[in-house]
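J.: Now for the letters of each chain:
Protein chains: 2
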Amino acid sequence: MSSLALSFDLGNLSCMVTPLLFIDGKSGFVDGKPEAYLSLNDRGLNYGHGLFETMRLSAGQLPLWSYHRQRLSVGAASLGIALDRPRLDAYLQQALEAFPADGMIKLLLTAGVGPRGYRHQSQSACYVLQYFPLPPVADPTAVRLQLCEYTLPHNERLAGIKHLNRLDQVLAAAELDEGFDGLLLDVDGNVVEALSSNVFLFDGQRWITPVLDLCGVAGVMRRLLCEDLIPRLGQQVVIKPVALASFINAREVFVCNSVRGIQPVRELQGRARWLTESNELQGFEAEKIIDQLVHAYPCFAA
Amino acid sequence: MSSLALSFDLGNLSCMVTPLLFIDGKSGFVDGKPEAYLSLNDRGLNYGHGLFETMRLSAGQLPLWSYHRQRLSVGAASLGIALDRPRLDAYLQQALEAFPADGMIKLLLTAGVGPRGYRHQSQSACYVLQYFPLPPVADPTAVRLQLCEYTLPHNERLAGIKHLNRLDQVLAAAELDEGFDGLLLDVDGNVVEALSSNVFLFDGQRWITPVLDLCGVAGVMRRLLCEDLIPRLGQQVVIKPVALASFINAREVFVCNSVRGIQPVRELQGRARWLTESNELQGFEAEKIIDQLVHAYPCFAA
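Chains as they are written, first to last, in this note's numbering: chain A, 6 to 307; chain B, 6 to 307.
By construction, these hints were calculated from the structure, which means they are not laboratory data. Please note that a few of the clues may not be correct.
Said to hold, decoys possible - Cross-link-like lysine to aspartate or glutamate pairs, in silico, EDC-like; alpha carbons within 20 Å at most: (1) A/K31 with B/E232; (2) A/K245 with A/D193; (3) B/K31 with A/E40; (4) B/K111 with B/D94; (5) B/K38 with B/D89; (6) A/K31 with B/D89; (7) B/K245 with B/E183; (8) A/K38 with B/E40; (9) B/K38 with A/D193; (10) B/K111 with B/E161; (11) B/K31 with A/D107; (12) A/K31 with A/D107.
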């Protein structure tokens, strides 16, 4: 077991040695202890009984932490996981001091170790924090989408939250060609989201993003845009069902998440093209929103 | 980390020491090594990208192994996991030699350790084997069912297989009163299964069990009954959609799984009662099937 060296009490040494231990994402903090492993009886592993947050880390800070924390709280309540805020804050502070200053942090909150069986015995939750460098981008200027055949089932109890039952995304990802992100429809054929980001489209007058009360993950960057940045520009944003035809006919499309910020969409493979080599965002409405985001959070500059 | 003592090479000592290590279910074999932990980067934990089988262990054998193995193969193909049969057989043999002779074995097959992100890189699968004693039974003669409000969403790609995305069952289990098993309907209101077993009902002429092509887990005991034991009795069994009203009006109902065998259902709380204190299976058709099962597999005697 390669974590053997980590299992001795590191005490105050941890700040000194952790950058080497954590930089490859193999190790992290599990309930405040440097570890690379989790119990076989953790309910996150056995049932996906848990949540995660993937957060941009910039200059030793998590710029969108309050949004992440709120979504985590909502998800924990939905899944019957008792989130201990002071513990979480302490573990997070410890990780921020130990991890490199820039990149991303993945937070995993599981229902913890319990006896076998679906019934939850209200044991302590488990808190995992891992550092990862920012993922590489196929094209820094824009993403290319491919329509997935796999469609998202409806589940109003689980819609919106970032739980650990992610076979929908795994099956959709398995369809994708190299260099493409996936566009996911629900079982009714409406546009929901991209594989790990939310979508916004501009119809010539206003911004539209799909309603996520039956499926999909309600991203924190989506929330920031809807509640703050787009209204602040004096523009309108509407949350509603989005038919594939409306998406294809949109004037502009972008995807967004809390790690990469906003990325314009170049095309939907074989169906639509919004950005050519010559028009790179010239006169695009999305440029104003990107400027606004970078003004508020400079780490999201391309 | 409490598995520290396990991580040294046990070599041929393992047979001697493992009963002590394994009987509490905290430890198991991970890819053939005695371990209590799994990597933080395992896709089973992060996405539920994996499968499990919970198997009755009797006199050092797994009586329904061929059925379990076939379901596992189907599931692995569905999830893009490369199941290495010789490896699995070797790990299983090792576990059977090390574990106590009676109880149950939980087999977890995950997509293994991979880089962060939904895309599967075809890394080696991970094989986990754990021993557990048989779970206690609230009432050895019959189970009591409670109708769950949570309904199972449809997903034809995942229906039938025993994957690790089990929040449906976790949410349904959270509704249950002490001493009750859950009866699960799908989003259309049809009966699908109990929380961790399949259901059969007798309409006075034939046995009926719900079709599972849109949701539910296709249990191996269900398969044994449908393909072998019930036809061998000269009785008819039909796999079809089952409305809740048909279920309530059934003459007899039982649940079955590969750990507990067949258990008659006493009641559906507040809606139906099939067994009273006075009629305990007297003249019930189910008794013939139970006799047939115990004849073929004596470990399933009550």
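J.: Work down the list of hints and note, for each, if the structure agrees.
T.: How the hints compare with the structure:
1. A/K31 with B/E232: violated, 46 Å
2. A/K245 with A/D193: holds, 14 Å
3. B/K31 with A/E40: holds, 17 Å
4. B/K111 with B/D94: Holds: B/K111 and B/D94 sit about 14 Å apart, inside 20 Å.
5. B/K38 with B/D89: Judged against 20 Å, a Cα distance of about 17 Å means the pair holds.
6. A/K31 with B/D89: violated, 25 Å
7. B/K245 with B/E183: Cα-Cα ~31 Å, so violated.
8. A/K38 with B/E40: holds, 18 Å
9. B/K38 with A/D193: Distance of about 46 Å is beyond 20 Å: violated.
10. B/K111 with B/E161: violated, 25 Å
11. B/K31 with A/D107: Violated, at about 37 Å.
12. A/K31 with A/D107: Since the Cα atoms of A/K31 and A/D107 sit roughly 17 Å apart, the hinted pair holds (cutoff 20 Å).
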